[in-house]
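Trainee: For reference, the chains in residue letters:
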Amino acid sequence: MDTVLLSRVQFAVTTLFHILFPTLTIGLSVFLVVVEFLWLRTKEELYYRMYRFWVKFFAVNFSVGVVTGIVLEFEFGTNFSRFSQAASNVIAPLMAFEVMTAFFLESGFLGIMLFGWNRVSRHMHFLATSLVAVGTILSSFWIIAANSWMQTPAGYRLIDGTFMVTDFHAAIFNPSTLVRMLHMSTAALETTAFVVAGVSAYYLLKGGTSVLFRRSLTIALIMAALFAPLQMIIGDLSGRMVFRHQPAKLAATEAHWETNRDGGAPFVVVAFPDVKEEKNTFEISLPNGLSLLATHSLHGRVSGLKEFAREDRPSVPLLFLAFRIMIGIGTLLVLVMVWGFLLWRKGRLFEHRPFLWTLLIIHPLGFLAVETGWITTEAGRQPWLVYGLMRTAEGLSPIPPGNVIWSLSLFLIIFASIGLIYLFYILNMIKRGPDVSSPIPAVQLPAGMRPLQDQEGTTKA
Amino acid sequence: MNIVDIWIALLGLTVILYVILDGFGLGIALLFPFTHNEEERDTLMNSIAPIWDANQTWLVFGGGILLVAFPLVYGVLFSALYIPLFTLLYGLIFRGVSFEFRMNATRKYIWDRAFFLGGLAAVAAQGLILGGVLTGTKIAGSHFAGGSFDWLNPYSLATAVGLIAGYILLASTYLIIKTTGIIQERAYNKAFRSSVVVLFFQIVMITWTPFHDPRVLAHWLGSPRVYFIWIFPALGLLAFTGIIKSLRARREIMPFVFSVVFFFAGYLGLFASIYPYAVPPGITFYNAAAQRETLAFTLWGAAIILPVVLGYTIYRYTVFRGKVGKEGYHH
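Chains as they are written, first to last, in the numbering used here: chain A, 1259 to 1719; chain B, 2 to 332.
Accuracy of the hints is not assured; some may be wrong.
Just so you have them, the derived chain A footprint on chain B, three or more residues with Cβ under 8 angstroms [what the hints assert, rightly or not]:
(1) 14-20
(2) 52-62
(3) 74-80
(4) 100-111
(5) 142-154
(6) 165-177
Here are a few chain A residues that sit away from chain B, every Cβ distance over 12 angstroms (derived from the structure) [what the hints assert, rightly or not]:
(7) A1270
(8) T1272
(9) K1301
(10) E1331
(11) F1355
(12) L1590
(13) R1603
(14) I1619
(15) W1632
(16) M1648
(17) Y1683
FYI, nobody ran anything at the bench for these hints, they're computed from the structure.
It should be emphasised that the depicted structure is a prediction, and the values quoted were computed from it without experimental measurement.
By construction, the Cβ of each residue, glycine as well, lies at the ideal position given by its N, Cα and C atoms.
Chain A extracted, bound-state conformation (with noise of 0.2 angstroms):
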């Protein structure tokens, strides 16, 4: 094995196992924003137990997230040190942004978020839990801005093999930054959405607190239903973009070898790509698919693989698994988020046992949409590092691969164990539910509150 492959295994499995996280912190932020603004504007008991309990969640994940961040920023001198002295002149100021505009942010009231309820008035808590939400997605921002220079670079000079910065704007609203940004995000709210969707599910199929899920779960379709749809448009203009400036990386996804010459190009639906022949050797396609899904028009012309050479092609079988596993979640999250409207419409969404058994199966999809959009949009930039410019064999630090091996199988036994405490952990939260007894804090209680109690009382009747 050589360095190159184990950096990129490496890179691969800290990021893979690291976007998990901020997909639910970014989601479960917002999602605690909009709870606790409800708490301060309607004097709800219930909005606050919903916070407490979903706040735990929100604590555990955001403290994996955050050390195994780290651990990314600390990646690109350890094993991509050539690419990091080369592109930090672009790149470098993006991550510096991030840490001083969104991690300070973050870190800075989120010990007020969980500590502070004791020491902070109920409005300083409401702001602190916001910026604690800005902090995520300006965090969100920064990041997708600096891999989307990777993926789409501009306002660069290259000298001597080495990016020089000519445009910060440029550089920074690149051609693939703000519609990655906008997938990302409504990814991570979308995911969290059906997240709190499965759990509240759970309890009502389980009975007993039910108000408070009862109105989790409405919180958590509303988005859904907000964000599903949204984000299949998104997706639309996400692949029109690759098709404009990343156009191996569309043909290898699609598995699309030939360029259409007359007539339309076809969406493979399902296919055996075969690579060294260069064909699919078993597909079912919709004709003209490709075609209206690339250029909206039902002739429009794709370049095929064929005229890229082989060494400059990303993995086809990867890509086009990947990306079908994606879209196929997204598909699917649509159809339930209808299925739930026609539900709703009759009265029955929460007494539906069908619906609820359903919602609370497909709750983890989300995440694996997450991975296998990143592993289409990561493993399609290959063999790029910088895309068109710098390959990723070019990058790597001087160092030998007896480095990386112990530093991966160091990685997969640390993430494996964490992974399974995380899980268990999360497993027991969910299994003790809500407290709906300790005392509010004194300073978060509000004149006139409306206790639980009541309105167990008045759903019930």
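Using the hints provided, position chain B relative to the given structure of chain A.
Mentor: Quick look at chain B alone, frame taken from chain A:
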């Protein structure tokens, strides 16, 4: 004074801020084997639970500054120090998750141990990194050209042990501020003992460094350094007497303040000994600096944002001021 100097100052400030802030945080973890019961460990952890994450962020910022302003240093050092750097990361992972995992655990001792071992690995790695940098890094062109274990030698091991003692000192004096009763009494004791160990290691390092790297001696004896380099050990000695006196007088805040001064003295002395080298013997801050536009663009951002960060950092410390109670549990 040009823009590179400002970045050197900002880097220097960030590193020492990190060392002090996460120093007492990591030091708390190092104190765990000396604790007597669950309650004491709860108190120790609660004393830093609301702030450790923000303190650790200064490390991330330090890494960011290196990458922005001195990419050559970032690339060369991170390749050279691959093993201690990942050891630091593994340590920080376990230290970091221990806070939340421990609160959820029924068997807390697992996370007591993870917290301690994670902290220990992180601190030892930081000492090895410092010792490794001072040992010197082999480069070819603008890239690292040495072996994977070049940083490992008796000198860097001694640095690691010294840093462990130093962080214990910071943590003990911090605990004096944050606790009362028997826990505070123990903190006084540990502060006293660790300060003596730190003094011992400071003297060892000051004696050893010129032998380990003869260029340092040349720096010390050359003009203008010969005129002022003695200030730092003198300041250190002063701080040490301050620590001892304030501990004896059972003062609460001054031992921590003097410990910070002690760290500053050592840190500035070290910096004055190797400046202008960032990666001895081959790379200075000046030939490692990034493109002007990058330095300027990011510095403008820092000038606007960092005062705000400082503002809410101070606000947060005022929110959590005073002795630590049991409310640290948010579960």
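Trainee: For the segment 74-80 of chain B, does the count of residues with a C-beta closer than 8 angstroms to a C-beta of chain A reach 3?
Mentor: holds (count 6)
Trainee: The segment 165-177 of chain B covered by chain A? Criterion: 3 or more residues, Cβ-Cβ distance below 8 angstroms.
Mentor: The restraint on the segment 165-177 of chain B is violated, since only 0 of its residues have a Cβ under 8 angstroms from chain A and three are required.
Trainee: With d taken as the least Cβ-Cβ distance between R1603 of chain A and chain B, does d exceed 12 angstroms?
Mentor: holds, 40 angstroms
Trainee: E1331 of chain A clear of chain B by more than 12 angstroms, beta carbon to beta carbon?
Mentor: violated, 5 angstroms
Trainee: Taking 12 angstroms as the cut and beta carbons as the points, is L1590 of chain A off the interface with chain B?
Mentor: The assertion about L1590 of chain A holds, with a minimum of 32 angstroms to chain B.
Trainee: Confirm or reject the coverage of the segment 100-111 of chain B by chain A under the rule of 3 or more residues with a beta carbon closer than 8 angstroms to the chain's beta carbons.
Mentor: Per the Cβ count (5), the hint holds.
Trainee: M1648 of chain A: least C-beta distance to chain B exceeds 12 angstroms?
Mentor: holds, 14 angstroms
Trainee: Take a quick look at K1301 of chain A and tell me if its Cβ sits farther than 12 angstroms from every Cβ on chain B, holds or violated.
Mentor: holds, 22 angstroms
Trainee: Find the nearest Cβ of chain B to the Cβ of W1632 of chain A and say whether that gap is larger than 12 angstroms.
Mentor: Given a closest Cβ separation of 21 angstroms, the condition holds.
Trainee: How about the segment 52-62 of chain B: do at least three of its residues have a C-beta closer than 8 angstroms to a C-beta of chain A?
Mentor: Held - the segment 52-62 of chain B has 8 residues with a Cβ nearer than 8 angstroms to chain A, which meets the minimum of three.
Trainee: Minimum Cβ separation between Y1683 of chain A and chain B greater than 12 angstroms?
Mentor: violated, 4 angstroms
Trainee: Hey, is F1355 of chain A genuinely clear of chain B, shortest beta carbon separation above 12 angstroms?
Mentor: The claim breaks: F1355 of chain A does not keep its Cβ more than 12 angstroms from every Cβ of chain B (closest is about 6 angstroms).
Hints 1, 6, 8, 10, 11 and 17 from the earlier list are contradicted by this structure; the remaining hints agree with it.
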